[in-house]
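Number of protein chains: 4
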Amino acid sequence: MTTLREAGGSFLWFREPAFNGVAISYLCDRVVYTGHSRFQRIDIIDTRLHGRVLFLDGVGQSAERDEFIYHELLVHPAMFSHPNPESVLIVGGAEGATLREVLRHETVKRAVMVDIDGELIEICKKYLPQWNSGSFEDPRAEVVVGDGRKFVEETDEKFDVIIVDLSDPLEDSPAVYLFTREFYTLLRDHLKDASGCVVVQGEGVSPQENTLHVRMVKTLEAVFPVVRPIIYSLHSFHRPDSHILATLQKDWQPEMPARRLEKAGMNLKFLSPEVMKAVFAVPPYLKQAYE
Amino acid sequence: MTTLREAGGSFLWFREPAFNGVAISYLCDRVVYTGHSRFQRIDIIDTRLHGRVLFLDGVGQSAERDEFIYHELLVHPAMFSHPNPESVLIVGGAEGATLREVLRHETVKRAVMVDIDGELIEICKKYLPQWNSGSFEDPRAEVVVGDGRKFVEETDEKFDVIIVDLSDPLEDSPAVYLFTREFYTLLRDHLKDASGCVVVQGEGVSPQENTLHVRMVKTLEAVFPVVRPIIYSLHSFHRPDSHILATLQKDWQPEMPARRLEKAGMNLKFLSPEVMKAVFAVPPYLKQAYE
Amino acid sequence: MTTLREAGGSFLWFREPAFNGVAISYLCDRVVYTGHSRFQRIDIIDTRLHGRVLFLDGVGQSAERDEFIYHELLVHPAMFSHPNPESVLIVGGAEGATLREVLRHETVKRAVMVDIDGELIEICKKYLPQWNSGSFEDPRAEVVVGDGRKFVEETDEKFDVIIVDLSDPLEDSPAVYLFTREFYTLLRDHLKDASGCVVVQGEGVSPQENTLHVRMVKTLEAVFPVVRPIIYSLHSFHRPDSHILATLQKDWQPEMPARRLEKAGMNLKFLSPEVMKAVFAVPPYLKQAYE
Amino acid sequence: MTTLREAGGSFLWFREPAFNGVAISYLCDRVVYTGHSRFQRIDIIDTRLHGRVLFLDGVGQSAERDEFIYHELLVHPAMFSHPNPESVLIVGGAEGATLREVLRHETVKRAVMVDIDGELIEICKKYLPQWNSGSFEDPRAEVVVGDGRKFVEETDEKFDVIIVDLSDPLEDSPAVYLFTREFYTLLRDHLKDASGCVVVQGEGVSPQENTLHVRMVKTLEAVFPVVRPIIYSLHSFHRPDSHILATLQKDWQPEMPARRLEKAGMNLKFLSPEVMKAVFAVPPYLKQAYE
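Chains as they are written, first to last, in the working numbering: chain L, 1 to 291; chain Z, 1 to 291; chain U, 1 to 291; chain Y, 1 to 291.
In short, the hints are calculated from the structure, not lab data. Keep in mind it's a predicted model, so treat the numbers as computed, not measured. Hints may contain errors.
A pair holds if it fits inside one copy or across any two, identical chains being indistinguishable in the list.
[To be verified] Straight-line distance between alpha carbons at most 25 Å, and here's what the computed DSS-like set of lysine-lysine pairs gives:
| id | residue 1 | residue 2 |
| --- | --- | --- |
| 1 | K277 | K263 |
| 2 | K218 | K287 |
| 3 | K269 | K287 |
| 4 | K218 | K269 |
| 5 | K192 | K269 |
| 6 | K263 | K287 |
| 7 | K192 | K109 |
| 8 | K192 | K125 |
| 9 | K277 | K287 |
| 10 | K250 | K263 |
| 11 | K125 | K109 |
Chain L extracted, bound-state conformation (with noise of 0.2 Å):
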């Protein structure tokens, strides 16, 4: 009998919905905080392998240790994109990490950051202080709680960048219908000029799983005259993953944020110049199934 006997003290485990044929369970040191917020289920665990780590619905969002790959990933590719980004809207985005990013950018003069979810980012102000890390109290960034697309759809303000920062699109999640032509159109419009880039988070890219992925990229290629992934994986994804970056300026290539990455000297954990060039390189299988 002892051949069965399993290690001590593994014992509370946070399962995710296996959605796909996946079901990845996390050893749980700690639960930090569970509960329900008007919009969504909202768990926060410190797990083993992971530490601290954020679940809506059920659903891993990021974790302590490597959230800095998400976070740089969607934010500095747009960002050094812009060859002068000072306005920048960011929908979704609740733990704050996306606006630490964006703030670390000198020329930023506003951030407006607008989340549906208020009790959410009260909970990830007090639970995820690694997230933010001041950025709230930052005097250029605004928090405004409500609906994005609302938002972008009443404003008439413009931006350089914006960047969409969101849960998957699940069937009952807030954010399904944030994936549309429609809206993305609502963002090209809000783009001040011809240098506007947006970038949204673009979903799973193996060969397993790129559905939902291809058809964001040829949504925005609808919309966009240039639409490039950006390929990374996250060990607390567990699988390779992507963003989406689009942008109006036609004669785009990845040496330019390459290249201001490397003037800017700024110290990031995951991207290099050499890195940001390396994240836009498409393996043939994704690109045959982008045709």
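Position chains Z, U and Y against the provided structure of chain L, taking the given hints into account.
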């Protein structure tokens, strides 16, 4: 009660041992093979997400839907780093997919594969035909059933490229003593000349889990003048991963294999000349870990 | 990290749907059969603890190592409650084990088993031979593939004992409409005379989970003068469970089947005359739930 | 993909170690307490099905919704087997529920409880108030924090009834050496007179898993003239279970405690006079196992 109801049909799961505090469970459509060889437990399962998967001692080794990524990256960066690879040694590689990729190089006159587990080779031949794709029948191939280290110790033959395709060096696995300085020195001494290249499976590279990878890089650096990680991510491995290239060519640059791949016009699914350069880009957090 | 190491070999698990907030996972030694009949998903698994287990729509139905408890208790209390059971109707019971126990009574001249799932019957014959033990070949047995309710509605035949051996009345199961007052009335009207007995699988009786059981008892009490739970526990069901005996004999007492069992000298593995009386003892918390 | 979608909210699970090849996972509503005492890991969890549950080293000990069954059956058959129990020794029993049931007997003048884990006692007082229900404050109760065996070895006091309420004798548990012939002899020698009774938690009694139980019965039979299992099933233990009564009364019969319970008019939730007799009925398969 209905809110707790789970989906119909998701009953049979293959649960990998959770060494690191994350347990991965694969929904099984069919158990193709379960048994023990002299060396290890072998399971071949048709999983919902990854297609057919080979597990050794419960740990996923390669999966139908993305094994091409693993094997292209293990073989071609090394092969294209050599100006004219005629003789190749593969240590491990029972599935036959490493041999398959090696034999795509027309320069190759002789490829010797040494795997300790003859039963596993036969089982892979029978149940994983996609992996070898007939490579075992190629007249240039020789398969030796035996201890890889002992083979290298005893042979006088030297090779242009040596590929080490082994499972994780878990305590009880047959592979554990193949990750030492002594073994790497042995490999170096069996390279034919100063163009010689070695490549090994390089373990995880996430911020969470890179200790073993870093130790391997450092061990290899004690033996070879140039050691470069090849960074990739496989959905079926559920984490950022790596191979490690080590070569005697002191002037080696990523552009070299990229250019040769372009010239060869080899039609790969993951690697293009652009991707060949990208996989050698090392994020700063990992560079720091090497210091 | 080694403290997290799990035991070798415990990889393949059959996970029952966790309708009630407890998930039971069975370590699998072998998947014997997996498929779908017209009515339900069928899995037959060699489990480590319970031996071979039949699962319908993911829920364990009976297990090699303790099915005798379930079937002895379903059949013999009812059969020995009747002074001379000659004709028996079994509704459900595809595995053949209920029929097996019925045919041990030498008084029986005719036993009709009606199960809607003919494919399931054939699969059980093939993979669960212990369950039927040749009872399908007994000349006294007649097997009808068809809807149990419809069979009872349409037949003029009457029976001494009627045994309802159905899976849980889950929403989507074929059995759901066989737990109603109308159906129980139909059964009563097909009993031959005032000695007639009906027995049904009676669901869980724990303090945690007895709603369905209590509802069944009350529904039966609206139709029969005497209704008595038979309380037992099966390791492979992982909870306290029950059958329910309903009879037209107004003076029925537990001593009656106990005495007849003693006289018959039938060699059972779970039931003795003493145990026959004991299974009718109802704990106060459950008596209260009936009020 | 939606067919694989699991129910909302079922994310946090407490997974018991699967010693025997069945893994039980409890859906958690709240983690009430997690920590280590000097002797064991302690988790107190509000589970969906069983209410609040105490786990020691990952194994469920008792649950809010059915602990009354465990404790009534551990205490009252032994207490009512004695004609006039005035002094009672409890070995183990940190939760205080065994003490609670003992003190319901008005004959009791002194109840000594010896548990090795003082931290556990305090944690149970704080988080499991239903279990002790104020019994620790009863002037008849004395709580000793110490090694139960050593206490018995060193004391000259003798008792009418001795109750051994310990967790499973797992290899590493503090309880392992309390299941030996030497310890049982020690207990016998601390019974006041020929009416003395001992009762111990008796382990699983299913056909699948009764080895430990049978060994305990036989060990006790080497020391006591009358040894009788008390058979029951607890939903929160997920298997058929037992206690074992051992007494010096050679003429002991189940009717004796049943009659005394009736006379006492004690209002219990699981035990009635009828059920008191029933729990002593031993199925033939288990009788055979004793031979």
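Consistency of the hints with the structure:
Within a single copy, K277 and K263 get their C-alpha atoms as close as 15 Å, and across copies as close as 22 Å, so both meet the 25 Å cut-off. Taking the shortest Cα distances, K218 and K287 sit within 25 Å of each other inside one copy (12 Å), while across copies they are farther apart (36 Å). In the homo-oligomer, the alpha carbons of K269 and K287 lie at most 25 Å apart only across protomers (10 Å), although the nearest pairing inside one protomer, at 28 Å, exceeds that limit. Taking the shortest Cα distances, K218 and K269 sit within 25 Å of each other only across copies (21 Å), while inside one copy they are farther apart (31 Å).
In this assembly of identical chains, the alpha carbons of K192 and K269 never lie at most 25 Å apart, being 30 Å within a copy and 39 Å across copies at closest. Within a single copy, K263 and K287 get their C-alpha atoms only as close as 31 Å, which misses the 25 Å cut-off; across copies the closest is 20 Å, which meets it. In this assembly of identical chains, K192 and K109 lie within 25 Å of each other by CA distance solely inside one copy; the values are 14 Å within and 60 Å between copies. For a Cα distance limit of 25 Å, the shortest separation of K192 from K125 qualifies neither inside one copy, at 31 Å, nor across copies, at 60 Å.
Proximity of K277 to K287 under the C-alpha cut-off of 25 Å is found in both arrangements, the shortest distances being 17 Å within a copy and 17 Å between copies. In this assembly of identical chains, K250 and K263 lie within 25 Å of each other by CA distance solely inside one copy; the values are 22 Å within and 30 Å between copies. For a Cα distance limit of 25 Å, the shortest separation of K125 from K109 inside one copy, 23 Å, qualifies, whereas the shortest one across copies, 57 Å, does not.
When the structure is compared with the earlier hints, violations turn up for hints 5 and 8 and for no others.
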